[in-house]
Amino acid sequence: MGAPEIEKLSGPRATTSLVSRASPLASAREQLEVLRRLPLKDFPVELRPAAIDIFQINVGKLCNMTCRHCHVDAGPDRTLEMMSRETIDLCLAALDKTDAKTVDITGGAPELNPHFRYLVDACLARGKHVMDRCNLTVLLTGPCRDLPEWFAARGVEIVCSLPHYRKRNTDIQRGEGTFEKSIAALKRLNTAGYGQGDPRRRLTLVHNPVGAFLAGDQKSMEREWKEGLAANYGVTFDALIALNNMPISRFLEWLQASGNLERYMEVLVNAYNPGTLQGLMCRNTLSVGWDGRLFDCDFNQMLELDARYADGRPAHIRDFEPAKLGERAIVTARHCFGCTAGAGSSCGGAIA
Amino acid sequence: MDPYYKPEHLAQFGSIAEGNPKLAEKFFAWYGEVFKPGALSAREKALIALAVAQVVQCPYCIDAYSRESLQQGADLEQMTEALHVAAAIRGGASLVHGVQMLEHVHKQVMA
Numbered sequence: 001m002g003a004p005e006i007e008k009l010s011g012p013r014a015t016t017s018l019v020s021r022a023s024p025l026a027s028a029r030e031q032l033e034v035l036r037r038l039p040l041k042d043f044p045v046e047l048r049p050a051a052i053d054i055f056q057i058n059v060g061k062l063c064n065m066t067c068r069h070c071h072v073d074a075g076p077d078r079t080l081e082m083m084s085r086e087t088i089d090l091c092l093a094a095l096d097k098t099d100a101k102t103v104d105i106t107g108g109a110p111e112l113n114p115h116f117r118y119l120v121d122a123c124l125a126r127g128k129h130v131m132d133r134c135n136l137t138v139l140l141t142g143p144c145r146d147l148p149e150w151f152a153a154r155g156v157e158i159v160c161s162l163p164h165y166r167k168r169n170t171d172i173q174r175g176e177g178t179f180e181k182s183i184a185a186l187k188r189l190n191t192a193g194y195g196q197g198d199p200r201r202r203l204t205l206v207h208n209p210v211g212a213f214l215a216g217d218q219k220s221m222e223r224e225w226k227e228g229l230a231a232n233y234g235v236t237f238d239a240l241i242a243l244n245n246m247p248i249s250r251f252l253e254w255l256q257a258s259g260n261l262e263r264y265m266e267v268l269v270n271a272y273n274p275g276t277l278q279g280l281m282c283r284n285t286l287s288v289g290w291d292g293r294l295f296d297c298d299f300n301q302m303l304e305l306d307a308r309y310a311d312g313r314p315a316h317i318r319d320f321e322p323a324k325l326g327e328r329a330i331v332t333a334r335h336c337f338g339c340t341a342g343a344g345s346s347c348g349g350a351i352a
Numbered sequence: 001m002d003p004y005y006k007p008e009h010l011a012q013f014g015s016i017a018e019g020n021p022k023l024a025e026k027f028f029a030w031y032g033e034v035f036k037p038g039a040l041s042a043r044e045k046a047l048i049a050l051a052v053a054q055v056v057q058c059p060y061c062i063d064a065y066s067r068e069s070l071q072q073g074a075d076l077e078q079m080t081e082a083l084h085v086a087a088a089i090r091g092g093a094s095l096v097h098g099v100q101m102l103e104h105v106h107k108q109v110m111a
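So the sequences go chain by chain: A and B. Heads up, the first sequence is in my numbering, so the first residue is 1 and it goes up one at a time. Heads up, the second sequence is in my numbering, so the first residue is 1 and it goes up one at a time.
Here chain A stands alone, though its shape is the one from the complex (with noise of 0.2 Å):
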């Protein structure tokens, strides 16, 4: 790996990917399996899907960070699991059979997949709106560094992490230095334009509660947050979403060194709001894998639990028949009550 490669993925490192350490948890199976032995009951409903309104492209593993909640298991170690062109191409021409309004695009970093750019604007060619889900310290590094304007002048939409408003708990949970690094990155982004009410150039904050807990009331999250980034650091956004974690790769192995998962669990299932149903991200977000696999939510694909058609194919971008996937029935397991509790989790925020 070059120089520019090496820097590329420099920025702050709060622990290490499971597959580096061959954890067990590296593992979607044991995973599942760790949350099938909870003394707790199995989520309760059936879901389906509503029409295909958003597409998230997962482009890939690879992050010049590892945060301890992550729920991907990304880090700069998760090489070979990078989108190809030909997959992303694949995925544009899915992206044509649909009335899809939005391309999300996560990661890892998905700004370190060489063709990241190639998507977006494929992406804005068909009139799309674009999400780009931002660590902010990649923007930081060498080759990203002129992407804030580059974002600016396409009017892509910025979902950027930060669980705190201060220090200690970014830190906490992102790295040592993550805080610094983020307020210098939204600084940035405020330069271009972004956070300062102009809808073509939105930026978004994303809070994940730094531990045990369900994520609080959004709204009075989002005046906080905006009183204490202005005062302290004179930094601007537009809104801020509130994430539940789940209970899913790095945060489910912080969970059991913790003794947290069973109470935790308990909390997510006893917290249940049958409100958050209709809202469900599963039923209108359709999750493409790196490797073209497809799934219900990013976090059916990190559990490696492919959406299937109804006479239970597995699908896959390169057969994508948009009407057939619309009949199949989303698939649930007991991770799934991290995304019903309380005020809801979606990647679009609170959902009830």
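Some clues are possibly wrong.
[Said to hold, decoys possible] Partial chain B-side listing against chain A, Cβ under 10 Å, derived: (1) Leu10; (2) Pro37; (3) Ala39; (4) Ser41; (5) Ala42; (6) Arg67; (7) Glu68; (8) Gln71; (9) Gln72; (10) Gly73; (11) Asp75; (12) Leu76; (13) Glu77; (14) Gln78.
In case anyone wonders, no lab produced these hints; they're calculated from the structure. All C-beta atoms in this analysis are idealised placements derived from N, C-alpha and C, irrespective of residue type, glycine included.
Guided by the hints, dock chain B onto chain A, whose structure is given.
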């Protein structure tokens, strides 16, 4: 010997209605209204509740409002400052009575 405080009793708080359902209903309705966000945010109310819980030393409330403060987005530093505010008021409330003590000393002791 059983401990005086059992964490599971917090979840059974509603059972105090057994002795007087009408008063319990009024209390819990009022309690619910108190903690709704209003002029103060949910987080501010959670931190106030946590601080008061530590002054009155209610272990149930400390448990509940530690969790609630975290859930509302407070971090350890913010929660610790709230604790110090509570402790400062409690300590100050003792110390200020020292002024009364000083009056007696100044009156009764030869200068």
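Against the structure, the hints:
For B/Leu10, the interface hint is violated, since its Cβ never comes within 10 Å of a Cβ in chain A; the closest pair sits about 14 Å apart. With 10 Å as the threshold, the beta carbon of B/Pro37 comes within range of chain A, its nearest partner Cβ sitting at about 6 Å, so the hint holds. Checking B/Ala39 against chain A: minimum C-beta separation of about 13 Å lies over 10 Å; hint violated. Taking 10 Å as the C-beta cut-off, the interface hint given for B/Ser41 holds, the closest approach to chain A being about 5 Å.
With its C-beta approaching chain A no nearer than about 5 Å, B/Ala42 sits inside the 10 Å limit, and its interface hint holds. A hinted interface residue such as B/Arg67 counts as satisfied when its beta carbon comes closer than 10 Å to some beta carbon of chain A; here the least separation is about 6 Å, so the hint holds. The interface hint given for B/Glu68 is met, as the beta carbon of that residue sits about 8 Å from the closest beta carbon of chain A, less than 10 Å. The closest approach between the C-beta of B/Gln71 and any C-beta of chain A is roughly 5 Å, which is under the 10 Å cut-off, so the hint is satisfied.
A hinted interface residue such as B/Gln72 counts as satisfied when its beta carbon comes closer than 10 Å to some beta carbon of chain A; here the least separation is about 4 Å, so the hint holds. The criterion of a C-beta within 10 Å of any C-beta in chain A is met by B/Gly73, whose closest approach is roughly 5 Å, and the hint holds. For B/Asp75, the interface hint holds, the least distance from its beta-carbon to any beta-carbon of chain A being 5 Å, beneath 10 Å. A distance limit of 10 Å between C-beta atoms decides the matter here; for B/Leu76 the minimum to chain A is near 7 Å, and the interface restraint holds.
With 10 Å as the threshold, the beta carbon of B/Glu77 comes within range of chain A, its nearest partner Cβ sitting at about 6 Å, so the hint holds. The beta carbon of B/Gln78 comes within 8 Å of a beta carbon in chain A, closer than 10 Å, and the hint placing it at the interface holds.
Going down the numbered hints, you'll see the structure goes against 1 and 3, while the others check out.
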